[in-house]
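From the two separate chains plus the hints, produce the assembled complex.
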Amino acid sequence: MKRVWYFIREAYTSLRTHQASTLIGIVTTAFTLTSFGIFLLLYHNVHNILGRVQHNIQIIVYPKDNLESGKLQDLQQAIKADPTVDSLTFISKQDALTEFKRQFPEEVYLLEGLGESPFPASLVLTMAAKTPTTDMISKLVNRLQQNPDIERVRYNRDWIERLTLLIAYMELGALMVGSILALASVTIIANTVQLAFHTRQQEIEILRLIGATSLFISIPYLIEGAILGAAGGGVALGFLRGGFELFTHKTQGLNVFGGFSSVFEFFPLPLSLLLIAGGILLGCLGTLTTIYSSMRFRL
Amino acid sequence: MIQLFHVTKYYDGCLALSDISLRIEKGECVLLTGPSGAGKTTLLKLIFGAEHPDEGQILVQNRNIARLSRSDIPYHRRTMGYVLQDFKLLPQRTVFENVALPLIIRGLSSFESRRKVTEALRAVGMEHKLSTIASVLSAGEQQRVCIARAIVNNPIILLADEPTGNLDPQLTTEIAALFKAINTRGTTVMMATHNQQVVEQLNGRILRLDCGHLLSDQGAYT
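In order, the protein sequences belong to chains P and B.
Just so it is clear: in the first sequence, position 73 is 73 by the numbering used here, and no numbers are missing.
In the numbering used here, each residue's number is its place in the second sequence (first place is 1) plus 1000.
Treat the hints as calculated values from the structure; they're not laboratory data.
Bear in mind the structure is a predicted one, so any value in this text is a computation, not a measurement.
The C-beta atom is built at its ideal place from N, Cα and C for all residues, glycine as well.
Among the clues, some could well be false.
Stated by the list, open to error - Not everything, but these chain P residues come out facing chain B in the computed CB check (under 8 angstroms):
#, residue
1, ARG102
2, PRO105
3, GLU106
4, TRP159
5, LEU209
6, ILE210
7, ALA212
Chain B with its partners taken away, still in its complex shape (with noise of 0.2 angstroms):
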């Protein structure tokens, strides 16, 4: 599903990830753990497109993405969800709106974008949120709108970045069931924490970056 080969890469000339080689199978969890500056988001950003390594080749599904020309990233991104912790919802639009975006990109039917909308919505548990303005939502509602946007177009890989950065113990817990949800039901889930309770809770394989460097893998957390 995706494949690292001594994937290095540099901002500015410094070091954020250095011969990074890994092998991700198909409906997996992986937890990305490790301390600020540790390279966690850029490898999330190199699998993503969002960003190119210096060296190396990162092939998700036998593409191999740092060959990928700049008009076939956007198709790219389309396969895969991506989660944020500061939620990236348009703030005045309803709930509907903002999951159905990817489906307007994709030219889906209206028919067709209302049928997947509901279904996801419905999957995070906020279907009765359908025309609520985003902006009055609680942080725990818009992560959830977040994550049926990022599930809304059945991607085969979820990328999730702090998803709970924001989030209470409580949330965090609802937040943190909904991507093991998601993964039963075959989605590759790759997230980049440092909640312990989240890597608890998942109970995934954990890569444990640090300075830009893989320190461990380890195929589930005891």
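Extracted from the complex, chain P is given alone in its bound form (with noise of 0.2 angstroms):
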């Protein structure tokens, strides 16, 4: 306990005592991380928007026609008792032909004299994966299309390649940028302790004088370095929240996607907190970079 409250009480002098370093640490750790936070929400809502989008891709199925109702009844509960379908719709050669009617009044004469429905029957499915893969829906048509009781089954499958190629791109240009910035962020907490760090040689050659251990001489830098990014972190939140409502705001009047406030959203709290502790994390490895290249070949 006596060893906790040494560490503690370290780091906050030390915090204290370089306050120009540690205003300096804070601030540039904010500045990486809210630039870090902008990508990050961007990408929280582009994501959000394109699995919104992905999530209601629909698979249309064509039963063979007049199947008799029994075998049609059958055929509907051999889809719903796949665990990839969500949903189920089943629409009748009338409900189409009514549709129709309703989407394209002016084209209903070209039904004339047809006498029944021209339409098929159809069921309009959607899958249960919040996010399905094209891998996904290709396996399931294809389990559709054994099935004899169906005639075809069809789904846009180069819109939805192209969705999902797309949202690969987003998550591998997320990763490469975020690792950017966090290799940014890390040297910045580095350079910061690494200042704190030779301010205190004197200090550290006396501990190791006396015996202290390196883990010992590094714990209340690494809690200086914890303190560091959580503080960058959070005036990061601060700085993003600020500029998001400015933003939607601003945005309001505008009659994009019905408006910018409905479509977007801030970090739900785990990812806020998510961003204070990548601030921690950034802050720690930031002095163990330091504390590794200074203690490395010293006995």
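Put into structure tokens, the structure is as follows:
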């Protein structure tokens, strides 16, 4: 307990003693995390929108014409039983005709004299997965196509593939930009801690003299790095929240996607906490980088 | 207690110690003398584990220092005290905090720490300065605090590298007397000095070094 108190007090003393470098460390970390946060916020929202679009992808199944009602029931039940299927809507020939008339009232004359509805009955299904992949969709379609009561299965393959590819590219981009920004944060925090490390060389030397282990010497610096990272993360979160509110307020009048505020959302609480946790992690990594390079060759 | 077998040490190719072999028994008072660059500090550093010998073996309490891993060295250091010429105190901390530092490292309780710190400070005559900031102490007082910090863990060996180098003759006498008292209580003292006054006062075994060679080993000063 005495040691824990010592570690906290040492970290606090160091932060207080080197106020200027502490402030610079917090501000630079905050700016780096804000840049990362802006990117993350954009990614989060675009990913959400694309996910919603992807979730609503519909697969249309056309049963064989004139399928007995009993067999049609069986077919519906068989499709519903598939764990990858979320919802299933049956559209009868008559429903399809009514829908056509509703959507294209001026083209109704084309159907005159055809007698009963020329449209086939269909089953419209959506997938259970939040963001179904092309592979998942293809597997389901293959299973459906093997059913002898199904005439054909239709879905917009090209469009889904493009969407999946777009999401994959976005994730790769997020990983790359995120890594670069994280590396920048680590470097900045490492420099800040290095400054504290250099100004306290004598103290470190004394600690070594009296038998302190490298871990004992490092812990206050790790706490210091974590505090810098957490403070930077907190400030960045504040910047992002303020910026987001300003953005949604300014774009309230714009009629894009029914208004930005209804489409875009700020980080949910877990993601906000994750940003601060990320700051702490970067702070610790920055400290470890300094400690490793400073203590490596010393006895 | 301490045994050196054919120890040789180089710094960037320059010889610092050459083929040193010696044996120091428990409770001895050993004085390392010789001109600057003779290898006195290097010898202390090797025993302390701050340097590795290039050749030879060093046994301290039957433990081979040359074979200690990096992670074992701090634990080895905790068994001994080290006093330096330039004090090495934390200037913005109180006397108590400075002396208590080795005990915090060992994880002792507050009660036990306070008892041991008071005891160590009493031994060096500094118990009345417990709450004083180290930077306002005189040179002699700072060296006393350093000695208190070195003995607070009740070390088996006390190493000292020119502990009176920055002190006037009066303070030198006082500090030497402290080392004598510590040695009388059974602690092995090994001190590097070229102060004749200290050598005379401590009246211990004298190892004379020059250019890394052990020139003589006298049982006691005559």
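Hint check:
Here the hint on ARG102 of chain P is broken, as its CB sits about 79 angstroms from the closest CB of chain B, past 8 angstroms. Against a cut-off of 8 angstroms between C-beta atoms, the interface hint on PRO105 of chain P is violated, since the closest Cβ of chain B lies about 84 angstroms away. The closest approach between the C-beta of GLU106 of chain P and any C-beta of chain B is roughly 85 angstroms, which is over the 8 angstroms cut-off, so the hint fails. Because the closest C-beta pair between TRP159 of chain P and chain B is about 60 angstroms apart, greater than 8 angstroms, the hint is violated.
Given the 8 angstroms rule on beta carbons, the hint for LEU209 of chain P holds: about 6 angstroms separates it from the nearest Cβ of chain B. Nearest Cβ of chain B to the Cβ of ILE210 of chain P: about 4 angstroms, under the 8 angstroms cut. The hint holds. Annotation: interface hint on ALA212 of chain P holds; nearest CB of chain B at approximately 5 angstroms, less than 8 angstroms.
Hint check: violations occur at hints 1, 2, 3 and 4; the rest are consistent with the structure.
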